[in-house]
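Student: Take a look at the letters that make up each chain.
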Amino acid sequence: MTNGQKQQLIRDRAAALLADGAVSCIVGWRQTRFAGKTAVCFVRAPEDATLLVWNEYTIPLTAKYLADERWTGGKAGILARGCDSKAINRLLRDNQLEREKLYIVGLPCEGKADERCRPCRQKTPLVYDELLWEEDSAADGGGTSAADADAPGRGRFFRADEVSALGIDARYDYWEDVYARCIRCYACRNACPVCSCRECYVDMHRAGFQSKRQNAADNRVFGVTRAFHVGDRCIECGECERVCPMGLPILGQTQKVIQTAEALAGAPYEAGLNAEDENFLGKFDLDDKDAFM
Amino acid sequence: MSKVGVFVCHCGTNIASALDVFKVAEAARALPGVAHAAEYKYMCSEPGQQLILDAINEHGLKRVVIASCSPRMHETTFRKMLKKSKINEYLLEIANIREQDAWVHADFEKATEKAIDLVRMAVAKALKDEPLKAQTIPITKRALVIGGGIAGIQAALDIADAGHEAVLLEREPSIGGHMAMLDKTFPTLDCSACISTPKMVDVGAHPNITLLTSAEVDAVKGYIGNFTVTIRKKANYVNHDICTGCGACEQKCPVKTDSAFNRGLSKRTAIYKLFPQAVPSKPVIDAESCLKLKNGKCGVCEKVCPLGCIDYGDEDRLVEMDFGAIIVATGYRPAKWQRMYDEYGAGRYADVIDGLQFERLVNASGPTEGHIARPSDGKAPKTVAIIKCVGSRDPKKGHAYCSRACCMAAAKHAHQLIDKLPGSRVFVFYIDVRTPGKGYEEFYDQTRKDGAVYVRGRVSRIYKEGDTLVCQGEDTLLGKQVRVHADLVILETAMEPSPGSGALLGLLGCAKDADGWVTEAHPKLRPVETQVGGVFLAGACQGPKDIPDTVAQASASAAKAIGLLNKDEMETSPMIAKIEEDKCSGCGACGPICPYKAIALEKIPARDPGTGKKIERLVARVNAGLCQGCGACTVACRTGAIDLLGFRNNQILEEVDALWL
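Sequence order for the protein chains is D and P. Heads up: the first sequence runs through residues 1 to 293, numbered per my numbering. Heads up: the second sequence runs through residues 294 to 954, numbered per my numbering.
Quick caveat, the hints were computed from the structure, so don't treat them as lab data. Errors might be hidden in some of the hints.
Quick partial rundown of chain P residues pointing at chain D, CB under 10 Å, derived from the structure [unchecked claim]:
1. Y642
2. C880
3. A929
4. R931
These stretches of chain P come out as covered by chain D in the derived footprint (C-beta under 8 Å, 3 or more residues) [what the hints assert, rightly or not]:
5. 866-879
6. 884-896
Given the structure is predicted, the values throughout are model-derived calculations rather than measurements. Heads up, the beta-carbon is just placed ideally off N, CA and C, and yes, glycines get one too.
With the hints as constraints, model all of the structure from the sequences given.
Tutor: Listed below in structure tokens is the structure:
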């Protein structure tokens, strides 16, 4: 099935769901003024369903908008790929969404035109109310093959691996450079589906340990704190890095947290696979392995 | 600026000899906010406390910093002192210049400098301290004792005698525990049953004790003074309200299955009493071996029961009860040596038995009516080898710890063998002989004089040769390999935590150590309390113990419970987690990390910030009774919506700033 055919399916289904009142809005993607850039949009009338698009550039996560946007009455319909479904699971787990107020239209993804989609292991949604089509394992639109995803430097933790490959001094300089360039716009936070605090500590009048000044030292505190705040819940979608206007490689930070957590636990770990799992770093168990303490 | 008073303690020469207390007081005087500073030989003493109280009045002090020993030592002392003043007792900071300074540094000048730093930090925090008020919670005047061994029996009796209600819970059909299985008790050789059965009967008859046998804990909610426990009364298929314990059913039951009480050395029926002196003295049906319950055929007990007590349709029942205090007395189990020691035959040789099996063999009410007959052929053994530390002091195969009671059990077993089988020879293989109890060394000495041969060394292998079991090992004192051709081998096995105790501790929120024993609140100073308020421990559940120690600990833990139950209500520490609901997003990250299960999510009314409509939203709430103020949640909360009263973020940051700015 071509992207064009899939887009038509999406528009038809969205219009039908809105028309019979099953949902009060559909969260999907529309084309922006710029070629190769789409944005998340809320469609509230059946006739507007023609705004919805599906192509190799429908990259942004829909789920985070659901947590931010308020809608009144009824169910919210949401177009969800594998990554969106993991984000939905996280938001459900963090009590930021209610499952019964969602109608999830599952869209198995063929991979998008973005290097961060390359190691994706979850193209079909994990949670949905209906699937519009089946995953086509042969399709390879914009993404790369599974074999390629396992190649050195192109695996699940590719960004962390890139930085880890540097020597310790080079690595220090690398991060110093990153924090010197950060403009603390918080786009990474706003895009992140697991950043769901009512009031982020960086916005607080007096957080005490984090000033609002923009300099390398405070940027560094923000960067490290962000990595730890989201690290164990990170669904590895790469939105933080994608939205960074300075092009900073910050996905590597959360990748490193997950990589380290897996090594410490001696077991694989992936956030967002369901809506029940305790946060990796946020549970207490008398039998915890504590070799690192 | 609020007036702070700083009081530097010499602690005799403990502090004064290691650093310059006068210079510390002088430096304190110059700190911003400090209105008065003084030093004194013993601040905790009566005149020391008076000195502080006088200074508070004289200088109009508003906050107090005491530079002295660890707050664990005297914080409570000084809080009590402040209750006599106008100052709230939580406007107090202790700068620990003893344990964290005087005791650990040799350089006088640098130790003085560090003391000044510690005082400066304490003053900075004191200026940010806020008055706190203790809350009170009511107390349910009833105790739950979990485990009906001698520890639980003693604890329940002590609580009941003090006039409080006690519920004694036992998962077996009778109380008595391991002590009921023993023949004699060291070092006095009292008959175990003769001294324990009267206590069991007392439990059964005591108006303040409710006995729940064949029962287990299913769930625990609540906190000190206010626990709600769900108890599972397991189906026993006999109506104990009408059963008189006549025994007709036991005589006619056609099933024969291994008696666990006799450690597999005899058979019992499917409807059975655990042992003749069981309390309650009423039978139960073991569903796993009962023919009627397994395949619907038989029903003999129902036919012979004159009162119609048998109820094959019985089911587990759940009962919810409230308690103010809980005593854990779950005891131990002997280690499964067969899994650890293949070289001892791993259970293939019938005549290699454990100490508890020997207790049954030598017991007049046991399977051989007290005749020491070896299991394989019923003959009286002429040569017996006793091996100690089987599973204990052996980190490679079993446990690193010493099981404490086995040295004396071995001496007792050796004595009983020599006494009952004249002419028999007894060899005891040991690593060390540990007899630190009243009359213990004398007993061990007598056993050796009676003829027991003690061989210092571990048995490396047991093998069969003809009719005998050869115990081969090194006599490390002779430096030679020795072989003992024994007719019977007794293994003094390690004690291990009772099966299922780990799950129970999980329900209670109590910590256990690496070996699975319950962790006490403080190994020396709070030995019968757990880390959970209102939950106490008694007996071998805390670690291997003999009967005298178990009973002593049971009474100690009963005293703690009685102390709690004597109060109508109790004060809780106000230094607990506080949630700023406006910031809380209800994500629930704090809940699972709380070791005390003190946090729950609740819905509160709110207005939707977008639409202004009335909505409900989730926020975390802290239970003041359960919260112990550990602070784990404050770190788990990414928003920083949780603060720890008495250790607020801004208070700690003030300390940090005072140190390095």
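Student: Should the hint that A929(P) touches chain D count as held when the rule is a Cβ pair under 10 Å?
Tutor: With a closest approach of 5 Å, the A929(P) hint holds.
Student: Taking beta carbons only, do three or more residues of the segment 866-879 of chain P come closer than 8 Å to chain D?
Tutor: holds (count 5)
Student: Count residues of the segment 884-896 of chain P with a Cβ under 8 Å from any Cβ of chain D, then say if the count reaches three.
Tutor: Coverage by chain D holds here, the residue count being 5 at a Cβ distance below 8 Å.
Student: Should the hint that C880(P) touches chain D count as held when the rule is a Cβ pair under 10 Å?
Tutor: holds (4 Å)
Student: Have a go at the R931(P) hint: is there a Cβ in chain D nearer than 10 Å to its own Cβ?
Tutor: holds (5 Å)
Student: Please check whether Y642(P) passes as an interface residue: C-beta within 10 Å of a C-beta belonging to chain D.
Tutor: violated (36 Å)
Hint compliance for this structure: hint 1 alone is broken.
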